[in-house]
Structures are given as structure tokens and as C-alpha cells.
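Asker: Next come the chains, spelled out residue by residue.
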Amino acid sequence: MEKKNANSNEEFYEFNSFLNKVIIFSGKEFFRKELKNKRRELDLIDDDNFENMYLNSYLCEDFLFEDQTSKDVFDFINFCENFNLHCALKSLSAIEQEVLFLLYSKELSQEEAANILNICSKSVSRIKLRAFDKIRKFLKGEK
Amino acid sequence: MEERLKEIYYLGKKAQEGNEVALIKLINMKSGLIKKFCYGNEDCYQHIIERVIKSIKRYKF
Numbered sequence: 011m012e013k014k015n016a017n018s019n020e021e022f023y024e025f026n027s028f029l030n031k032v033i034i035f036s037g038k039e040f041f042r043k044e045l046k047n048k049r050r051e052l053d054l055i056d057d058d059n060f061e062n063m064y065l066n067s068y069l070c071e072d073f074l075f076e077d078q079t080s081k082d083v084f085d086f087i088n089f090c091e092n093f094n095l096h097c098a099l100k101s102l103s104a105i106e107q108e109v110l111f112l113l114y115s116k117e118l119s120q121e122e123a124a125n126i127l128n129i130c131s132k133s134v135s136r137i138k139l140r141a142f143d144k145i146r147k148f149l150k151g152e153k
Numbered sequence: 093m094e095e096r097l098k099e100i101y102y103l104g105k106k107a108q109e110g111n112e113v114a115l116i117k118l119i120n121m122k123s124g125l126i127k128k129f130c131y132g133n134e135d136c137y138q139h140i141i142e143r144v145i146k147s148i149k150r151y152k153f
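Residue numbers (the working numbering), protein chains in the order written: chain E, 11 to 153; chain L, 93 to 153.
Isolated chain E, as found in the complex (with noise of 0.2 Å):
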């Protein structure tokens, strides 16, 4: 009887810390299949194909934007005053461009941006300062 007893408290045991691991893995399997999706994303808009088509959509007079912050990226871009930097500008990736976008027009911190953008903010560090060297070049190679 009392061994019956012990088994069945270590069913009961063994079902509950069966049910703990299901919650505490799905969770991390849920947030690592999201950052999986994002890094994918991040891939996309680093792949020239991409870049070009975000490029062109941009250009294109019909196009449609996604939301509010694509817009103001777009305003960022185009009515820069000085025509040689709105050129280097458009020369920039999409990702580089936004950057930009969030740390000088509407004046967040690195980690602000990388929280916007999902990324850490020592990527948002490194994308700024190629995006400097890319702007840096362009204008060099205008003069």
C-alpha cells in the first residue's frame, strides 16, 4: 500500500515538472523562432536584390508606404537640404538609412534605435559608422 502510494506521488510529481519544462521550453522556444525570423529579416534588407528593390520603391512616385516611418525616412532622404548629401543618402542601404534616420532626425539614443529596430545596439553602432564611411566616400569622389 505504501509503495502504491509513493508511485503515485511520483506521478503526480512527475506529470506537474512534465507540464513546468512544456511552459518554460515553448516560451524560449517561442522568443528564439522570433529572433530567428527577425535575423532573417535583417538578412533580406542586407541582400543587394532587396536593397535595390527598396531603393526603387522608394523612387517610385505610386508607391505605398508601409507605415509612418518608412515616410518620414523618406522625407529624411528628400528634402535634405544640401543636394550632394541627399544623394549620398539615397546611395545608403535601407537598414543604413533608417539609422541614420532615427540617431539624427528624430534624435534617439543607440539603444533607443537598436530597441526600434529590434537589433543590439553595438550593430546600430557599426551601421552608422559604415554608413559615415559610405557618405564619406560618396562626397569625396563628388568633389
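Don't take each hint at face value.
[Claimed, not checked] In silico contact screen, one side only, chain L against chain E (beta carbon under 7 Å); selected entries:
#, residue
1, S123
2, I145
3, S147
[Claimed, not checked] Taking lysine to aspartate or glutamate and the EDC-like style, the derived pairs with C-alpha atoms no more than 20 Å apart in a straight line are:
#, chain 1, residue 1, chain 2, residue 2
4, L, K105, E, E20
5, E, K46, L, E109
6, E, K38, L, D135
7, L, K128, E, E39
8, L, K149, L, E109
These aren't lab readings, by the way, just hints derived from the structure by calculation. Quick reminder that beta carbons are idealized off the backbone N, C-alpha and C, glycines included.
For chain E, the structure is supplied; the task is to place chain L on it using the hints.
Answerer: Just chain L, lined up with the frame of chain E:
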């Protein structure tokens, strides 16, 4: 504590047999842990509940 484990076990058994009330009770009993691991994300909350239901249905009592 033992009573709680016992209750969870029998609710799980009933839920597997198709008792929806038992399933809801069981999820409510585990909602604290679910909320802790979904970090306020509603989609994640739903995902965990879905997984919990599936795993209860598959569990060999």
C-alpha cells in the same frame, strides 16, 4: 503541496479525456508560470497554452 500536485494530475487526466472545464482549471493553476515565461507577450502566452494543451493530450498517464 502534495494536494496541489494531486489536483493537477487528476485535472490533467480529465482534460485528456475531453473535459474542457478541467483543462481551463489546469491552465488557470499554471497561469502564474505561463505569465512568467511569456514576458508580457500575448502571442507567446497563446503559444505556450497551445503547447500545454497538445502535450496534455499526448501524455501517457
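Asker: Compare the structure with each hint and give your call.
Answerer: Consistency of the hints with the structure:
Interface hint status for S123 (chain L): violated, as the beta-carbon distance to the closest one in chain E is roughly 10 Å, over 7 Å. Using the Cβ-Cβ criterion of 7 Å, the hint placing I145 (chain L) at the interface with chain E is not satisfied: the shortest such distance is roughly 10 Å. Annotation: interface hint on S147 (chain L) holds; nearest CB of chain E at approximately 5 Å, less than 7 Å. The suggested pairing of K105 (chain L) with E20 (chain E) holds, with an alpha-carbon distance near 15 Å, which does not exceed 20 Å.
For the hint linking K46 (chain E) to E109 (chain L), the alpha-carbon distance of about 36 Å lies beyond 20 Å, and the restraint is violated. Restraint check for K38 (chain E) and D135 (chain L): the C-alpha separation of about 13 Å stays at or below 20 Å, so the hint holds. At most 20 Å may separate the alpha-carbon atoms for a hinted pair to count; K128 (chain L) and E39 (chain E) meet this at roughly 15 Å. In summary, the hint linking K149 (chain L) to E109 (chain L) is supported, as the alpha carbons are separated by about 8 Å, within the 20 Å threshold.
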